[in-house]
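Q: Here's the letter readout for the chains.
Number of protein chains: 2
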Amino acid sequence: MPETRSCQAHALKLACSNCNILEFCLPLGLTGEEVAQLDSLIMQRVKVKKDAALYRACDPLRFLYAVRIGFFKTDVLSLDGREQVTGFQMPGDMLGLDAVNSGLYTCNAFALEDSEVCAIHFDHLEKLAQELPSLQHNLNKIFSREIVRDHDMLMLLGNMNSDERLAAFLLNLSQRLNMRGYSSKEFVLKMRREEIGSYLGLRLETICRGIAHLRDHALVEVSGREVKILDMDRLKHLVAGCHRFS
Amino acid sequence: MPETRSCQAHALKLACSNCNILEFCLPLGLTGEEVAQLDSLIMQRVKVKKDAALYRACDPLRFLYAVRIGFFKTDVLSLDGREQVTGFQMPGDMLGLDAVNSGLYTCNAFALEDSEVCAIHFDHLEKLAQELPSLQHNLNKIFSREIVRDHDMLMLLGNMNSDERLAAFLLNLSQRLNMRGYSSKEFVLKMRREEIGSYLGLRLETICRGIAHLRDHALVEVSGREVKILDMDRLKHLVAGCHRFS
DNA sequence: CGTGTGTTTGATGAATTTCAAAGCAGGTGG
DNA sequence: CCACCTGCTTTGAAATTCATCAAACACACG
Numbered sequence: 001m002p003e004t005r006s007c008q009a010h011a012l013k014l015a016c017s018n019c020n021i022l023e024f025c026l027p028l029g030l031t032g033e034e035v036a037q038l039d040s041l042i043m044q045r046v047k048v049k050k051d052a053a054l055y056r057a058c059d060p061l062r063f064l065y066a067v068r069i070g071f072f073k074t075d076v077l078s079l080d081g082r083e084q085v086t087g088f089q090m091p092g093d094m095l096g097l098d099a100v101n102s103g104l105y106t107c108n109a110f111a112l113e114d115s116e117v118c119a120i121h122f123d124h125l126e127k128l129a130q131e132l133p134s135l136q137h138n139l140n141k142i143f144s145r146e147i148v149r150d151h152d153m154l155m156l157l158g159n160m161n162s163d164e165r166l167a168a169f170l171l172n173l174s175q176r177l178n179m180r181g182y183s184s185k186e187f188v189l190k191m192r193r194e195e196i197g198s199y200l201g202l203r204l205e206t207i208c209r210g211i212a213h214l215r216d217h218a219l220v221e222v223s224g225r226e227v228k229i230l231d232m233d234r235l236k237h238l239v240a241g242c243h244r245f246s
Numbered sequence: 001m002p003e004t005r006s007c008q009a010h011a012l013k014l015a016c017s018n019c020n021i022l023e024f025c026l027p028l029g030l031t032g033e034e035v036a037q038l039d040s041l042i043m044q045r046v047k048v049k050k051d052a053a054l055y056r057a058c059d060p061l062r063f064l065y066a067v068r069i070g071f072f073k074t075d076v077l078s079l080d081g082r083e084q085v086t087g088f089q090m091p092g093d094m095l096g097l098d099a100v101n102s103g104l105y106t107c108n109a110f111a112l113e114d115s116e117v118c119a120i121h122f123d124h125l126e127k128l129a130q131e132l133p134s135l136q137h138n139l140n141k142i143f144s145r146e147i148v149r150d151h152d153m154l155m156l157l158g159n160m161n162s163d164e165r166l167a168a169f170l171l172n173l174s175q176r177l178n179m180r181g182y183s184s185k186e187f188v189l190k191m192r193r194e195e196i197g198s199y200l201g202l203r204l205e206t207i208c209r210g211i212a213h214l215r216d217h218a219l220v221e222v223s224g225r226e227v228k229i230l231d232m233d234r235l236k237h238l239v240a241g242c243h244r245f246s
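As given, the protein sequences belong to chains A and B, one line each in that order. full-length UniProt numbering puts the last residue of the first sequence at 246; the count rises by one with no breaks. full-length UniProt numbering puts the last residue of the second sequence at 246; the count rises by one with no breaks.
Hint data in this document are derived by calculation from the structure and do not stem from the laboratory. Treat the hints with care, as some may be off.
[Stated by the list, open to error] Keeping only pairs whose Cα atoms sit at most 20 angstroms apart, straight-line, the calculated SDA-like set for lysine to any residue is:
{"#": "1", "chain 1": "A", "residue 1": "K127", "chain 2": "B", "residue 2": "K228"}
{"#": "2", "chain 1": "A", "residue 1": "K50", "chain 2": "A", "residue 2": "L79"}
{"#": "3", "chain 1": "A", "residue 1": "K141", "chain 2": "B", "residue 2": "N138"}
{"#": "4", "chain 1": "B", "residue 1": "K141", "chain 2": "A", "residue 2": "K50"}
{"#": "5", "chain 1": "B", "residue 1": "K141", "chain 2": "A", "residue 2": "Q130"}
{"#": "6", "chain 1": "B", "residue 1": "K127", "chain 2": "A", "residue 2": "L125"}
{"#": "7", "chain 1": "B", "residue 1": "K127", "chain 2": "A", "residue 2": "P133"}
{"#": "8", "chain 1": "B", "residue 1": "K141", "chain 2": "A", "residue 2": "H124"}
{"#": "9", "chain 1": "A", "residue 1": "K127", "chain 2": "B", "residue 2": "Q130"}
{"#": "10", "chain 1": "B", "residue 1": "K141", "chain 2": "A", "residue 2": "D123"}
{"#": "11", "chain 1": "B", "residue 1": "K127", "chain 2": "A", "residue 2": "E126"}
{"#": "12", "chain 1": "B", "residue 1": "K185", "chain 2": "B", "residue 2": "L230"}
{"#": "13", "chain 1": "A", "residue 1": "K141", "chain 2": "B", "residue 2": "G103"}
{"#": "14", "chain 1": "B", "residue 1": "K141", "chain 2": "A", "residue 2": "N138"}
{"#": "15", "chain 1": "A", "residue 1": "K141", "chain 2": "A", "residue 2": "L125"}
{"#": "16", "chain 1": "B", "residue 1": "K236", "chain 2": "A", "residue 2": "E83"}
{"#": "17", "chain 1": "A", "residue 1": "K236", "chain 2": "A", "residue 2": "H217"}
{"#": "18", "chain 1": "A", "residue 1": "K127", "chain 2": "B", "residue 2": "E126"}
{"#": "19", "chain 1": "B", "residue 1": "K141", "chain 2": "A", "residue 2": "Q175"}
{"#": "20", "chain 1": "B", "residue 1": "K228", "chain 2": "B", "residue 2": "A218"}
{"#": "21", "chain 1": "A", "residue 1": "K141", "chain 2": "B", "residue 2": "P133"}
{"#": "22", "chain 1": "A", "residue 1": "K141", "chain 2": "B", "residue 2": "K228"}
{"#": "23", "chain 1": "B", "residue 1": "K141", "chain 2": "A", "residue 2": "S134"}
{"#": "24", "chain 1": "A", "residue 1": "K236", "chain 2": "B", "residue 2": "D80"}
{"#": "25", "chain 1": "A", "residue 1": "K50", "chain 2": "A", "residue 2": "E195"}
{"#": "26", "chain 1": "A", "residue 1": "K141", "chain 2": "A", "residue 2": "R176"}
{"#": "27", "chain 1": "A", "residue 1": "K127", "chain 2": "B", "residue 2": "L128"}
{"#": "28", "chain 1": "B", "residue 1": "K228", "chain 2": "B", "residue 2": "N178"}
{"#": "29", "chain 1": "A", "residue 1": "K141", "chain 2": "B", "residue 2": "I142"}
{"#": "30", "chain 1": "B", "residue 1": "K127", "chain 2": "A", "residue 2": "K236"}
{"#": "31", "chain 1": "B", "residue 1": "K141", "chain 2": "A", "residue 2": "I142"}
Could you put together the complete structure from these sequences and hints?
A: Given below as structure tokens:
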């Protein structure tokens, strides 16, 4: 049974080799025909240059996007122009889920480095999901995961001090990179301090000071955008509700 | 064409008269047979006493719930016991969407007054949605709307000061009550100051002071939990990025 | 009428923002 | 190849906002 599954997953992987959303959103147990359908759905690759917008708030929804290569941020602007970063997306993450409600994107999505996405025609996706229950179920789960992620952010913004927020942010990046096969201890930040600050509800200066604190306590080594995590356990301990350094 | 639709919607309304999720999540253009299916899906009514939990974090997902009567809050607890209220739900709002990802609820849901919900068996819902494209589409939209709502909260927590947050909170309640046919100018808060504070990332004392500020500027009249909005426009103006009272 | 829960207000202190200035790195043109 | 921008980061000092602590108050309920 597991044999069959992993075999089909493999076929799928080959068929969809231009897209790595596999491990995140693809159902298993499909026929070759179905795989072909799925493949055609996500065939469109799109390159996005650093600092270019993949889409902007109020653009009509046509595609959902799965990041293939690179790094994105999504943000919303308040009426008076203040930016709120709502997320950072790395390979395998989805973009555009917020647009399904109204049919218009509610965020701006920018590439933080030269990137590539799979464009998934949303109408086609819904049609196909109609025929593939497991695809539909996975789509539901992807939506739900996004909600859970946002709840985590509410907790962070509502209850954590600046150092805890920063530690939580670094740990989150670390884990997500790790899941994707990269080092969890050393990585490079693709965003500016100001964007981290916006995401965490803090000013950029506060981010700098937070980094200095973590460094002073030998939890991390940071130079510019290069991060090395020195003491994962104490970092986790800090986030887990301990307001002070241990 | 609109005739047919509204007629069917009406049939649906009758069929599902025990549940008012209609206007929020039901697709139009269904056959009588389909209406019957949908009706059976949401037939289960559940009463929840004030302060009782509808479900708790880590309970396995069996149902989504649509609030029929009453008022709920959802919250998550951090490891060290701090509460973060993630939302307040009134009639027509859905509960439990966060659980679809893992199959376990991630929040606690409490009734803030004697309430009643429609329990929607999630597995059945997915099955039925498989057969009714418009139901599936609506489900997707409901998920997406929740994400948009959360993004609004991120903006609020990340970029607004305490008075702006409070004003935004009151306006949000006002609008949602209005959409449901209640007064947008006068209403009763079902939650304590502490719960408002948790939701807005503030302490309860700060909520009190914020209310005093709004009162001083003749924007609202508040006594206990009774709220009367005196100047909707200036309240909106305050939220729209004007850091100070106008 | 007392008790408990929830609300309000004041005084103080801590955390974060703001303002300011200097440092650093990468890219460009002389 | 160097000097000079420009954008980003870092650090310091002052100002502000919000949290904390404390006490009084209001109201409902037994």
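Q: Give a verdict on every hint.
A: Verification of the supplied hints:
1. K127(A) with K228(B): violated, 47 angstroms
2. K50(A) with L79(A): Given that 20 angstroms is the threshold and the Cα spacing comes to 26 angstroms, the pair is violated.
3. K141(A) with N138(B): holds, 15 angstroms
4. K141(B) with K50(A): violated, 31 angstroms
5. K141(B) with Q130(A): holds, 15 angstroms
6. K127(B) with L125(A): The given pair, whose Cα atoms are some 17 angstroms apart, holds under the 20 angstroms limit.
7. K127(B) with P133(A): With Cα atoms ~8 angstroms apart, K127(B) and P133(A) stay inside 20 angstroms; holds.
8. K141(B) with H124(A): The hint holds at about 16 angstroms.
9. K127(A) with Q130(B): Roughly 10 angstroms separates the two Cα atoms, so the pair holds.
10. K141(B) with D123(A): holds, 13 angstroms
11. K127(B) with E126(A): Distance of about 15 angstroms is within 20 angstroms: holds.
12. K185(B) with L230(B): Holds, at roughly 7 angstroms.
13. K141(A) with G103(B): holds, 9 angstroms
14. K141(B) with N138(A): holds, 15 angstroms
15. K141(A) with L125(A): Roughly 15 angstroms between the alpha carbons, so the hint for K141(A) and L125(A) holds.
16. K236(B) with E83(A): At roughly 19 angstroms apart (the allowed maximum being 20 angstroms), E83(A) and K236(B) satisfy the hint.
17. K236(A) with H217(A): holds, 14 angstroms
18. K127(A) with E126(B): Holds: K127(A) and E126(B) sit about 15 angstroms apart, inside 20 angstroms.
19. K141(B) with Q175(A): violated, 30 angstroms
20. K228(B) with A218(B): The given pair, whose Cα atoms are some 11 angstroms apart, holds under the 20 angstroms limit.
21. K141(A) with P133(B): Roughly 18 angstroms separates the two Cα atoms, so the pair holds.
22. K141(A) with K228(B): violated, 41 angstroms
23. K141(B) with S134(A): Distance of about 19 angstroms is within 20 angstroms: holds.
24. K236(A) with D80(B): holds, 13 angstroms
25. K50(A) with E195(A): holds, 15 angstroms
26. K141(A) with R176(A): Satisfied, since the Cα-Cα distance of roughly 18 angstroms is no more than 20 angstroms.
27. K127(A) with L128(B): holds, 15 angstroms
28. K228(B) with N178(B): With a Cα-Cα distance of about 13 angstroms, the restraint between K228(B) and N178(B) holds, given a limit of 20 angstroms.
29. K141(A) with I142(B): holds, 13 angstroms
30. K127(B) with K236(A): violated, 40 angstroms
31. K141(B) with I142(A): holds, 13 angstroms
The structure fails hints 1, 2, 4, 19, 22 and 30 (numbered hints given earlier, in ascending order).
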